[in-house]
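Chemist: The residues making up each chain are set out below.
2 protein chains.
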Amino acid sequence: MKLANLSELSKDKQQEFLNSFDTVLTDCDGVLWLENQLITGADQVINFLKSLGKRIFYVTNNSTKTREQLIVKLKKLGFNAEPHEIVGTAYLAAQYLKKHLGSKKKVYIVGSSGIADELNLVGIENFGVGSDVLPSGMDYKNDYDQIKLDPLVGAVVVGYDSHISYPKITKAACYLTDPNVLFVATNTDESFPMGPNLTIPGTGAMVAAVKTGAQREPVIIGKPSKLMGSYLIENHNLDPKRTLMIGDRGNTDIRLGYNNGFQTLLVLTGDTTLANATAWSKSDDEEYKSRVADYYLPSLGHMLPLFGS
Amino acid sequence: MKLANLSELSKDKQQEFLNSFDTVLTDCDGVLWLENQLITGADQVINFLKSLGKRIFYVTNNSTKTREQLIVKLKKLGFNAEPHEIVGTAYLAAQYLKKHLGSKKKVYIVGSSGIADELNLVGIENFGVGSDVLPSGMDYKNDYDQIKLDPLVGAVVVGYDSHISYPKITKAACYLTDPNVLFVATNTDESFPMGPNLTIPGTGAMVAAVKTGAQREPVIIGKPSKLMGSYLIENHNLDPKRTLMIGDRGNTDIRLGYNNGFQTLLVLTGDTTLANATAWSKSDDEEYKSRVADYYLPSLGHMLPLFGS
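Residue numbers (the working numbering), protein chains in the order written: chain A, 3 to 311; chain B, 3 to 311.
Simulated from the structure, these hints should not be mistaken for lab results. Accuracy of the hints is not assured; some may be wrong.
Result set (BS3-like, lysine-lysine): computed pairs, CA atoms no more than 27 Å apart in a straight line [as the list claims (entries may be wrong)]:
1) B/K75 with A/K143
2) B/K143 with A/K78
3) A/K243 with A/K100
4) A/K77 with B/K228
5) A/K56 with A/K243
6) B/K78 with A/K143
7) A/K108 with A/K56
8) B/K52 with B/K243
9) B/K77 with A/K143
10) A/K100 with A/K143
11) B/K228 with B/K291
12) B/K52 with B/K4
13) B/K77 with B/K52
14) A/K228 with A/K143
15) B/K143 with A/K75
It should be emphasised that the depicted structure is a prediction, and the values quoted were computed from it without experimental measurement.
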């Protein structure tokens, strides 16, 4: 039975649920906060679960922040968080490249300083962060001899980039003409709805531009990729059955849980609505079914009453 | 029998081929020219076919040029071309919007002045062409109140845009949150290979970014869309069986021909190689099969010997 409302379970069933996991993986934006605003009670819930001896991991597709920056934000909002608990895509991309990139090779980044900082920490030279716009009057279709490429580039990483531009997409595509150049995407979240008539394109939009221009598929680091799941299981010695994944997105958070045999909890403070999830639960399509959580709550704060007292 | 080498057919079969069509649809870039360089003999072939009384249409997915600009280029390169023979995606997008856009509505363009000029010619107000970069220090994820939208926008058109940027992708996605706002893409060509390690992202890369951010599918104007085919057949009263489509791209030019029952001729001076086409011809996949031409030639100029003399 999928998509059970945790709040409406019997006290016994709720206690059984609380005892059924000893590791918690939680998404951040849309679960713990919305932009810079704490979601009421989220801090109390996470801190209480930690006080019970459960391990906590903050698992985020956000590649714009380093682990250090995420810790600062978590602490400021009241979460009793520690650096080893942060699993972000900028960090994981750096770990992946440390393992797979040839020595003395550089990385071309279509993304933010979060990725550059994590690459610097593992000693990988990189460039590309920041503004890069076409000089006035130039068009690469005519002036393609003006595209300046660095022959030492061995990988292209695409993450969230608020400076994405034609020169960046072009350079990335040019590097990727060499099949030996690795192609890494931090994640593929499509968009962030911000309110009526407001939506912000997500990393998925940037990845779509580069992969279409390059006609290649990237290795995807973040949720729901296999890579993220196996990293967590192997490096943190998780027992999938006794792991709970909490998230607001069916196609990333919940699917990551489904793909790895974790229990899953959807909170309705972000992307996926109950109507979305209910529709998916009625589909025969495996892809849609994988987005349906075991449990849901209106918000993470709604878990507070489960703790008795 | 698909993919016959026209040059190797018997004289009789070649004559039969020449008599089998009275309308010629020809792609431009990769068939008639490469950038600004005439492909040897292409002008003589087209002019000769026209002198035989065959109707010629220049059918291009290029949205950066108006019909007038294309005429100038064609004439300069030696083609005996007339304005009514030009069928471009900027022109067709304007025709489409003239029919479907509500009165007093504006168009937001992620594209070039070719589209703006054609919209101006049919009296549709439009904006968006040119540079639009993020003010320093701003990120819409935090500063989304800074996204300025025009409530009169009734359509978003995406074409080839060498100024594509984060603000443009974001604004397009915001307009498209309203399901009544039309979403039109001139074409979806993925990329233009320009040489070793050089590839230029095509309109497809720009469309991919916007449609991913907006989570909507566009109406596609250009080859191989149904719209392009039916426009040609209806407005120019074509007999599909007696129409020859000439192109260098299997997935646009040849597929347009296949989808509309035209005869098709692939020239190997552009995107699709003979190896590509041969591999597709062995596939069971309908999509791949639709890319395989009836005939091929190394270049359009190779048709010259067929004319006898």
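Chemist: Confirm or reject each hint.
Modeler: Okay, the hints, checked on the actual structure:
{"no.": "1", "hint": "B/K75 with A/K143", "result": "16 Å, holds"}
{"no.": "2", "hint": "B/K143 with A/K78", "result": "19 Å, holds"}
{"no.": "3", "hint": "A/K243 with A/K100", "result": "30 Å, violated"}
{"no.": "4", "hint": "A/K77 with B/K228", "result": "56 Å, violated"}
{"no.": "5", "hint": "A/K56 with A/K243", "result": "14 Å, holds"}
{"no.": "6", "hint": "B/K78 with A/K143", "result": "19 Å, holds"}
{"no.": "7", "hint": "A/K108 with A/K56", "result": "39 Å, violated"}
{"no.": "8", "hint": "B/K52 with B/K243", "result": "18 Å, holds"}
{"no.": "9", "hint": "B/K77 with A/K143", "result": "21 Å, holds"}
{"no.": "10", "hint": "A/K100 with A/K143", "result": "35 Å, violated"}
{"no.": "11", "hint": "B/K228 with B/K291", "result": "17 Å, holds"}
{"no.": "12", "hint": "B/K52 with B/K4", "result": "26 Å, holds"}
{"no.": "13", "hint": "B/K77 with B/K52", "result": "14 Å, holds"}
{"no.": "14", "hint": "A/K228 with A/K143", "result": "38 Å, violated"}
{"no.": "15", "hint": "B/K143 with A/K75", "result": "16 Å, holds"}
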